[in-house]
Amino acid sequence: MGLSGPGRRRAFFLAGTALAVRFLFPVPAAPDVRVPADPAANGENHLAAFSSPVRIWGKGVEAVIEEAYRQNFKTYIIGGRVMNLRMPFAENRERIELSDSGWEIRGSGKADPASLWAEIGGLLDTEDFARYAAILGDGREKVVIMDIPTQTWSVSPDLFDIARMKAGAYRGLPHRPYILVSGKGIEENDVYNYLYCVGRLGTDCSGFVWNVLSHIAAAGGTDLGRVLRRAVGAPRNSSLSYYAGTRFFNSRIREILPVEDEVRNIRPADILLFRAEDGEAVHSAIVQSVDFTSGVIRYLQSTDEAPLDARGVHESFIHFDPARPKVRLSDPSIIWTQKRYPPFPGELAPPFADDGERYRAYPESGGGRVVRLRVIEEVIGKITR
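In our numbering, the protein residues as written are 1 to 385.
Don't read these hints as lab results, they were simulated from the structure. From the three backbone atoms N, C-alpha and C, an ideal C-beta is built for every residue, glycine too. Take these hints with a grain of salt, some might be off.
Derived CB-CB ranges, DEER-like [claimed, not checked]:
| hint | residue 1 | residue 2 | range |
| --- | --- | --- | --- |
| 1 | 239 | 159 | 47 to 55 Å |
| 2 | 279 | 134 | 28 to 36 Å |
| 3 | 276 | 102 | 37 to 45 Å |
Restricting the straight-line Cα-Cα distance to at most 35 Å, the calculated cross-link-like pairs of lysine-lysine (DSBU-like) are [to be verified]:
| hint | residue 1 | residue 2 |
| --- | --- | --- |
| 4 | 142 | 184 |
| 5 | 166 | 339 |
| 6 | 382 | 326 |
| 7 | 184 | 382 |
| 8 | 339 | 142 |
| 9 | 339 | 326 |
| 10 | 339 | 59 |
| 11 | 166 | 184 |
| 12 | 339 | 184 |
| 13 | 166 | 142 |
Turn these sequences into a full structure, and let the hints steer you where they fit.
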(Lines of atoms letter the chains of each structure in order from A and count residues from 1; the text may use other names and numbers.)
(Lines give C-alpha, C1' and ligand atoms only; values in the text may rest on other atoms or scores of the structure.)
Protein backbone atom coordinates (compact mmCIF):
# COMPACT_ATOMS: atom_id res chain seq x y z
CA MET A 1 0.00 0.00 0.00
CA GLY A 2 1.17 3.56 -0.62
CA LEU A 3 1.53 5.96 2.30
CA SER A 4 1.20 9.69 2.53
CA GLY A 5 4.25 11.67 3.63
CA PRO A 6 5.02 12.09 7.36
CA GLY A 7 4.11 15.77 7.24
CA ARG A 8 0.62 15.08 5.88
CA ARG A 9 0.07 12.27 8.39
CA ARG A 10 1.05 14.58 11.22
CA ALA A 11 -1.32 17.29 10.01
CA PHE A 12 -4.23 14.87 10.02
CA PHE A 13 -3.16 13.56 13.43
CA LEU A 14 -3.08 17.00 15.02
CA ALA A 15 -6.45 17.81 13.56
CA GLY A 16 -7.86 14.70 15.18
CA THR A 17 -6.43 15.41 18.62
CA ALA A 18 -7.79 18.95 18.48
CA LEU A 19 -11.23 17.49 19.05
CA ALA A 20 -10.32 16.83 22.70
CA VAL A 21 -9.06 20.31 23.64
CA ARG A 22 -9.09 21.29 27.31
CA PHE A 23 -8.49 24.91 28.42
CA LEU A 24 -6.16 25.53 31.37
CA PHE A 25 -4.94 28.94 32.45
CA PRO A 26 -2.31 28.45 35.17
CA VAL A 27 -0.53 31.74 34.45
CA PRO A 28 -1.94 35.28 34.25
CA ALA A 29 -2.93 37.15 31.13
CA ALA A 30 -4.09 34.15 29.13
CA PRO A 31 -6.27 35.15 26.18
CA ASP A 32 -10.04 34.90 26.48
CA VAL A 33 -11.01 31.81 24.49
CA ARG A 34 -14.65 30.85 24.06
CA VAL A 35 -15.89 27.47 22.85
CA PRO A 36 -19.32 27.13 21.20
CA ALA A 37 -21.80 25.07 23.23
CA ASP A 38 -22.75 23.14 20.10
CA PRO A 39 -19.67 21.27 18.75
CA ALA A 40 -21.22 21.17 15.28
CA ALA A 41 -21.21 24.99 15.25
CA ASN A 42 -17.44 24.87 15.24
CA GLY A 43 -17.26 22.40 12.40
CA GLU A 44 -15.99 19.62 14.68
CA ASN A 45 -18.10 16.94 13.02
CA HIS A 46 -16.47 17.77 9.71
CA LEU A 47 -13.05 17.90 11.38
CA ALA A 48 -13.58 14.45 12.86
CA ALA A 49 -14.35 13.01 9.44
CA PHE A 50 -11.45 14.88 7.86
CA SER A 51 -8.96 13.57 10.41
CA SER A 52 -10.23 9.97 10.46
CA PRO A 53 -7.41 7.38 10.17
CA VAL A 54 -9.40 5.74 7.39
CA ARG A 55 -8.66 8.71 5.08
CA ILE A 56 -4.95 7.95 5.27
CA TRP A 57 -4.63 4.27 6.17
CA GLY A 58 -7.70 2.76 4.53
CA LYS A 59 -10.10 0.39 6.29
CA GLY A 60 -7.59 -2.28 7.28
CA VAL A 61 -5.72 -2.97 10.50
CA GLU A 62 -3.33 -0.04 9.88
CA ALA A 63 -6.19 2.38 10.57
CA VAL A 64 -7.22 0.44 13.69
CA ILE A 65 -3.66 0.64 15.03
CA GLU A 66 -3.60 4.36 14.27
CA GLU A 67 -6.81 4.79 16.29
CA ALA A 68 -5.18 3.06 19.26
CA TYR A 69 -2.05 5.18 18.86
CA ARG A 70 -3.99 8.46 18.86
CA GLN A 71 -5.62 7.56 22.17
CA ASN A 72 -2.24 8.37 23.75
CA PHE A 73 -2.37 12.05 22.74
CA LYS A 74 -4.58 14.89 23.87
CA THR A 75 -4.56 18.59 23.06
CA TYR A 76 -4.71 21.18 25.85
CA ILE A 77 -4.28 24.92 26.06
CA ILE A 78 -1.96 25.63 28.99
CA GLY A 79 -0.78 29.11 29.80
CA GLY A 80 -2.18 30.38 26.51
CA ARG A 81 -0.23 27.82 24.48
CA VAL A 82 -1.69 24.96 22.46
CA MET A 83 0.02 21.75 23.56
CA ASN A 84 -0.35 18.33 22.03
CA LEU A 85 0.51 16.23 25.09
CA ARG A 86 1.66 12.65 24.70
CA MET A 87 1.29 9.84 27.20
CA PRO A 88 4.47 9.66 29.30
CA PHE A 89 6.56 6.54 29.62
CA ALA A 90 6.40 5.15 33.15
CA GLU A 91 7.54 1.80 34.50
CA ASN A 92 7.45 0.27 37.95
CA ARG A 93 10.81 -0.05 39.73
CA GLU A 94 12.44 2.40 37.35
CA ARG A 95 14.95 4.89 38.86
CA ILE A 96 14.79 3.40 42.38
CA GLU A 97 18.42 2.23 42.59
CA LEU A 98 19.64 5.19 44.72
CA SER A 99 16.39 5.95 46.51
CA ASP A 100 15.75 5.02 50.14
CA SER A 101 12.36 3.61 49.20
CA GLY A 102 10.60 2.33 46.12
CA TRP A 103 7.32 3.55 44.72
CA GLU A 104 4.55 2.44 42.43
CA ILE A 105 3.55 3.99 39.13
CA ARG A 106 -0.18 4.70 38.91
CA GLY A 107 -1.65 1.76 37.08
CA SER A 108 1.78 0.08 37.15
CA GLY A 109 2.41 1.35 33.63
CA LYS A 110 -0.35 -0.92 32.30
CA ALA A 111 -3.49 1.22 32.57
CA ASP A 112 -5.57 2.09 29.52
CA PRO A 113 -5.21 5.60 28.02
CA ALA A 114 -8.74 6.75 28.95
CA SER A 115 -8.19 6.18 32.68
CA LEU A 116 -4.75 7.79 32.56
CA TRP A 117 -6.06 10.91 30.79
CA ALA A 118 -8.71 11.25 33.48
CA GLU A 119 -5.93 11.26 36.09
CA ILE A 120 -3.84 13.67 34.02
CA GLY A 121 -6.78 16.05 33.72
CA GLY A 122 -7.08 16.08 37.50
CA LEU A 123 -3.36 16.79 37.92
CA LEU A 124 -3.43 19.69 35.49
CA ASP A 125 -6.32 21.23 37.41
CA THR A 126 -4.44 21.33 40.75
CA GLU A 127 -3.08 24.44 42.46
CA ASP A 128 0.34 22.76 42.58
CA PHE A 129 0.48 22.55 38.79
CA ALA A 130 -0.68 26.16 38.53
CA ARG A 131 2.22 27.24 40.77
CA TYR A 132 4.61 25.11 38.71
CA ALA A 133 3.44 26.72 35.46
CA ALA A 134 3.67 30.21 36.97
CA ILE A 135 7.24 29.64 38.19
CA LEU A 136 8.28 28.49 34.71
CA GLY A 137 6.90 31.71 33.25
CA ASP A 138 8.38 34.24 35.70
CA GLY A 139 11.14 35.34 33.29
CA ARG A 140 14.02 34.05 35.44
CA GLU A 141 16.39 31.24 34.57
CA LYS A 142 16.51 28.52 37.22
CA VAL A 143 16.96 24.82 37.98
CA VAL A 144 13.84 22.79 38.74
CA ILE A 145 14.49 19.80 40.99
CA MET A 146 11.97 16.96 40.79
CA ASP A 147 11.65 14.48 43.65
CA ILE A 148 9.90 11.37 42.37
CA PRO A 149 9.53 9.45 45.69
CA THR A 150 7.74 12.35 47.40
CA GLN A 151 6.00 13.56 44.21
CA THR A 152 7.20 17.12 44.84
CA TRP A 153 9.30 19.73 43.07
CA SER A 154 11.48 22.63 44.14
CA VAL A 155 13.41 25.45 42.49
CA SER A 156 17.02 26.62 42.75
CA PRO A 157 17.78 30.11 41.40
CA ASP A 158 21.39 29.72 42.55
CA LEU A 159 23.79 30.98 39.86
CA PHE A 160 26.26 28.20 40.61
CA ASP A 161 23.58 25.53 40.09
CA ILE A 162 22.63 27.16 36.79
CA ALA A 163 26.27 27.43 35.70
CA ARG A 164 26.92 23.77 36.56
CA MET A 165 23.98 22.65 34.46
CA LYS A 166 25.17 24.76 31.52
CA ALA A 167 28.68 23.35 31.87
CA GLY A 168 27.40 19.77 31.80
CA ALA A 169 28.14 19.10 35.48
CA TYR A 170 24.86 17.35 36.15
CA ARG A 171 24.01 17.02 39.85
CA GLY A 172 20.73 15.15 39.62
CA LEU A 173 20.04 11.59 40.73
CA PRO A 174 17.87 8.97 38.99
CA HIS A 175 15.02 9.64 41.43
CA ARG A 176 15.74 13.39 41.66
CA PRO A 177 16.24 14.84 38.14
CA TYR A 178 17.59 18.38 37.70
CA ILE A 179 16.12 20.42 34.84
CA LEU A 180 17.38 23.78 33.60
CA VAL A 181 14.51 26.09 32.56
CA SER A 182 14.56 29.51 30.93
CA GLY A 183 11.62 31.09 32.75
CA LYS A 184 10.07 32.07 29.42
CA GLY A 185 6.94 30.00 29.90
CA ILE A 186 5.87 26.41 30.31
CA GLU A 187 6.50 24.05 27.37
CA GLU A 188 5.23 20.58 26.49
CA ASN A 189 8.42 19.02 27.86
CA ASP A 190 7.83 20.76 31.20
CA VAL A 191 4.34 19.28 31.38
CA TYR A 192 5.77 15.84 30.59
CA ASN A 193 8.31 16.23 33.42
CA TYR A 194 5.54 17.13 35.86
CA LEU A 195 3.26 14.27 34.83
CA TYR A 196 6.07 11.73 35.07
CA CYS A 197 7.84 12.93 38.22
CA VAL A 198 5.00 14.40 40.27
CA GLY A 199 2.09 12.44 38.81
CA ARG A 200 4.10 9.21 38.59
CA LEU A 201 1.93 7.96 35.75
CA GLY A 202 2.21 6.80 32.17
CA THR A 203 2.47 3.59 30.20
CA ASP A 204 5.43 1.28 29.81
CA CYS A 205 6.45 -0.43 26.58
CA SER A 206 4.49 -3.66 26.98
CA GLY A 207 1.50 -1.84 28.47
CA PHE A 208 1.31 0.28 25.33
CA VAL A 209 1.67 -2.75 23.04
CA TRP A 210 -1.03 -4.62 24.97
CA ASN A 211 -3.43 -1.69 24.72
CA VAL A 212 -2.92 -1.54 20.95
CA LEU A 213 -3.40 -5.29 20.57
CA SER A 214 -6.55 -5.13 22.70
CA HIS A 215 -7.92 -2.36 20.48
CA ILE A 216 -7.25 -4.46 17.37
CA ALA A 217 -8.93 -7.48 18.92
CA ALA A 218 -11.97 -5.44 19.94
CA ALA A 219 -12.29 -4.11 16.38
CA GLY A 220 -12.61 -7.72 15.26
CA GLY A 221 -15.14 -8.59 17.95
CA THR A 222 -12.67 -10.40 20.24
CA ASP A 223 -11.94 -9.87 23.94
CA LEU A 224 -8.18 -10.36 24.06
CA GLY A 225 -8.13 -10.63 27.84
CA ARG A 226 -10.69 -13.41 27.87
CA VAL A 227 -8.98 -15.37 25.08
CA LEU A 228 -5.48 -15.19 26.55
CA ARG A 229 -6.17 -15.29 30.29
CA ARG A 230 -5.16 -18.94 30.70
CA ALA A 231 -2.06 -18.55 28.50
CA VAL A 232 -0.89 -15.51 30.45
CA GLY A 233 -1.64 -17.14 33.78
CA ALA A 234 -3.57 -14.19 35.19
CA PRO A 235 -5.99 -14.70 38.12
CA ARG A 236 -9.70 -14.53 37.40
CA ASN A 237 -11.24 -11.02 37.53
CA SER A 238 -7.81 -9.37 37.26
CA SER A 239 -6.70 -7.01 34.48
CA LEU A 240 -4.68 -9.05 32.02
CA SER A 241 -2.57 -6.04 31.05
CA TYR A 242 -0.73 -6.34 34.39
CA TYR A 243 0.51 -9.81 33.44
CA ALA A 244 1.09 -9.56 29.68
CA GLY A 245 4.55 -8.02 29.82
CA THR A 246 7.46 -8.22 27.42
CA ARG A 247 8.47 -11.61 28.84
CA PHE A 248 5.06 -12.98 27.83
CA PHE A 249 5.56 -11.74 24.27
CA ASN A 250 8.96 -13.47 24.27
CA SER A 251 7.59 -16.79 25.55
CA ARG A 252 7.50 -20.01 23.55
CA ILE A 253 3.82 -20.84 24.06
CA ARG A 254 1.58 -21.72 21.10
CA GLU A 255 -0.25 -18.38 21.28
CA ILE A 256 2.99 -16.62 20.26
CA LEU A 257 4.04 -17.13 16.64
CA PRO A 258 7.74 -16.53 15.85
CA VAL A 259 8.34 -14.51 12.70
CA GLU A 260 11.54 -14.82 10.66
CA ASP A 261 12.56 -11.18 10.62
CA GLU A 262 13.13 -10.77 6.90
CA VAL A 263 11.41 -7.58 5.75
CA ARG A 264 9.05 -9.52 3.45
CA ASN A 265 7.59 -11.33 6.47
CA ILE A 266 6.84 -8.27 8.62
CA ARG A 267 3.16 -7.38 8.99
CA PRO A 268 1.13 -4.76 10.87
CA ALA A 269 0.59 -5.73 14.54
CA ASP A 270 3.84 -7.74 14.65
CA ILE A 271 5.76 -7.17 17.88
CA LEU A 272 9.43 -6.13 17.89
CA LEU A 273 11.42 -7.43 20.86
CA PHE A 274 14.76 -6.00 22.04
CA ARG A 275 17.05 -7.96 24.38
CA ALA A 276 19.18 -7.09 27.38
CA GLU A 277 22.68 -8.32 28.05
CA ASP A 278 21.36 -11.39 29.89
CA GLY A 279 19.34 -12.41 26.83
CA GLU A 280 15.97 -11.47 28.29
CA ALA A 281 13.58 -9.39 26.19
CA VAL A 282 13.29 -6.03 27.96
CA HIS A 283 11.61 -3.76 25.42
CA SER A 284 8.76 -4.22 22.97
CA ALA A 285 7.23 -2.16 20.16
CA ILE A 286 4.49 -2.80 17.61
CA VAL A 287 4.54 -2.51 13.81
CA GLN A 288 1.87 -0.18 12.44
CA SER A 289 2.49 -0.39 8.69
CA VAL A 290 4.86 -1.77 6.06
CA ASP A 291 5.23 0.07 2.76
CA PHE A 292 6.94 -2.28 0.28
CA THR A 293 6.88 0.40 -2.42
CA SER A 294 8.81 3.16 -0.65
CA GLY A 295 10.65 0.85 1.74
CA VAL A 296 9.37 2.12 5.10
CA ILE A 297 8.24 0.29 8.22
CA ARG A 298 6.46 2.45 10.79
CA TYR A 299 6.46 1.09 14.33
CA LEU A 300 5.10 2.55 17.56
CA GLN A 301 6.51 2.40 21.06
CA SER A 302 6.60 3.90 24.54
CA THR A 303 10.03 4.78 25.91
CA ASP A 304 11.71 7.80 27.45
CA GLU A 305 15.11 7.11 25.88
CA ALA A 306 14.31 9.37 22.96
CA PRO A 307 14.60 13.02 21.88
CA LEU A 308 12.92 15.31 24.43
CA ASP A 309 9.92 16.04 22.21
CA ALA A 310 9.36 12.30 21.58
CA ARG A 311 9.62 10.88 25.09
CA GLY A 312 6.68 8.65 25.90
CA VAL A 313 4.48 7.16 23.18
CA HIS A 314 5.84 7.98 19.71
CA GLU A 315 6.26 6.76 16.14
CA SER A 316 9.53 5.37 14.74
CA PHE A 317 10.69 4.30 11.29
CA ILE A 318 12.80 1.65 9.58
CA HIS A 319 14.00 2.21 6.01
CA PHE A 320 14.89 -0.66 3.70
CA ASP A 321 15.62 -1.22 0.02
CA PRO A 322 12.37 -2.39 -1.65
CA ALA A 323 14.47 -4.37 -4.09
CA ARG A 324 15.80 -6.50 -1.22
CA PRO A 325 12.72 -7.86 0.59
CA LYS A 326 14.66 -10.84 2.00
CA VAL A 327 17.00 -8.66 4.06
CA ARG A 328 16.75 -9.15 7.83
CA LEU A 329 16.00 -6.35 10.26
CA SER A 330 19.39 -6.98 11.86
CA ASP A 331 21.23 -6.35 8.58
CA PRO A 332 23.49 -3.25 8.72
CA SER A 333 21.91 -1.97 5.49
CA ILE A 334 18.61 -1.48 7.33
CA ILE A 335 18.29 2.10 8.64
CA TRP A 336 16.55 2.59 11.98
CA THR A 337 15.95 6.31 12.29
CA GLN A 338 14.91 6.35 15.97
CA LYS A 339 17.75 7.93 17.97
CA ARG A 340 18.15 7.23 21.66
CA TYR A 341 18.94 9.91 24.25
CA PRO A 342 18.84 10.13 28.05
CA PRO A 343 15.38 10.98 29.44
CA PHE A 344 16.70 14.15 31.10
CA PRO A 345 19.53 16.26 29.62
CA GLY A 346 22.73 15.70 31.59
CA GLU A 347 22.04 12.09 32.51
CA LEU A 348 24.18 9.26 31.15
CA ALA A 349 23.49 8.44 27.51
CA PRO A 350 21.89 5.07 26.70
CA PRO A 351 24.28 2.30 25.62
CA PHE A 352 22.90 2.33 22.05
CA ALA A 353 22.74 5.31 19.71
CA ASP A 354 19.61 4.15 17.93
CA ASP A 355 17.03 1.37 17.85
CA GLY A 356 18.99 -0.45 15.14
CA GLU A 357 22.00 -0.85 17.41
CA ARG A 358 19.71 -2.05 20.16
CA TYR A 359 17.96 -4.57 17.91
CA ARG A 360 21.27 -5.97 16.66
CA ALA A 361 22.78 -6.15 20.17
CA TYR A 362 23.63 -9.41 21.91
CA PRO A 363 23.62 -11.70 18.86
CA GLU A 364 24.95 -14.51 21.07
CA SER A 365 21.50 -14.49 22.71
CA GLY A 366 19.69 -14.19 19.42
CA GLY A 367 19.53 -10.41 19.08
CA GLY A 368 16.21 -8.76 18.34
CA ARG A 369 13.17 -10.86 17.60
CA VAL A 370 9.79 -10.50 15.87
CA VAL A 371 6.65 -12.31 17.02
CA ARG A 372 2.89 -12.07 16.48
CA LEU A 373 -0.12 -13.21 18.46
CA ARG A 374 -2.01 -16.08 16.86
CA VAL A 375 -5.38 -14.62 17.87
CA ILE A 376 -4.47 -11.21 16.42
CA GLU A 377 -3.54 -12.84 13.11
CA GLU A 378 -7.03 -14.35 13.03
CA VAL A 379 -8.67 -11.05 13.99
CA ILE A 380 -6.82 -9.17 11.25
CA GLY A 381 -8.30 -11.59 8.74
CA LYS A 382 -11.79 -10.61 9.96
CA ILE A 383 -10.99 -6.89 9.80
CA THR A 384 -9.60 -7.22 6.28
CA ARG A 385 -12.67 -9.13 5.07
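* Going back to the hint list, which numbers does this structure go against? -> 2, 3, 7
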